[in-house]
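Trainee: Sequence:
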Amino acid sequence: MKIREATLEDAEAIATVHVASWQAAYKGIMPEQFLKTLSIEARAATWRKLLQAGTPHVLVAQVDETIIGWTACGACRDKDKDNNWAEIEALYVLPEFWRKGIGGRLSDAARQLLHTAGYSFATLWVLSENHHARAFYDRNGFAQDDSSKLIQIGGVQLTEVRYHYTLPQ
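Going by the UniProt record's numbering, the sequence shown opens with residue 1, and the numbers climb by one from there.
Everything labelled a hint here was simulated from the structure, so no lab data went into it. Model, not experiment: these values are computed from the prediction. Please note that the accuracy of each hint is not assured.
[Said to hold, decoys possible] Below, simulated DSS-like cross-link-like pairs (lysine-lysine); rule was C-alpha separation at most 27 Å, straight line:
| id | residue 1 | residue 2 |
| --- | --- | --- |
| 1 | Lys79 | Lys2 |
| 2 | Lys2 | Lys49 |
| 3 | Lys100 | Lys27 |
| 4 | Lys36 | Lys49 |
| 5 | Lys81 | Lys149 |
[To be verified] Simulated restraints, written as ranges between beta carbons of each label pair:
| id | residue 1 | residue 2 | range |
| --- | --- | --- | --- |
| 6 | Lys149 | Thr37 | 35 to 43 Å |
| 7 | Ser148 | Ala24 | 34 to 42 Å |
| 8 | His131 | Pro31 | 12 to 20 Å |
| 9 | His115 | Ser39 | 16 to 24 Å |
Using N, Cα and C, we set each Cβ at its ideal position, and we do this for glycine too.
My request is simple: use the sequences and hints to build the entire structure.
Mentor: In structure tokens:
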């Protein structure tokens, strides 16, 4: 497996991972009908725009010619954080590759990229009910802080909690 920077040509593969991950990880958290209607084509169009814009920074995990995971990161979008703070905006791996170390390697690569870019700290938001992801971030050295927010997805209100990590100096 290798981790590399995403290119515009990766948009559909990133979207495929995005949709498959949401459908598996958020089953029982988000409405079933909403998850069933997620569209790879619509996600790919969004990813093409983001990749063309160059923000956020996207890394992909690839085995042979297949993208099996990705992470997106950049400057922190939270109003209570200054420019020393970065954010891991998303990290997804195809469900069949869960618990194989891929997510950890993507997380490490994102943190290294953010450290190299001069950030001191990283945050991320995770659904409070996503116990699988929360356990992953706990195992990978992130700590939950006291921040939470309500978001609307698929017609339901969900709570996200914030985690943080101190990047190496």
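Trainee: Are there hints from earlier that the structure breaks, and if so, what are their numbers?
Mentor: 1, 6, 7, 9
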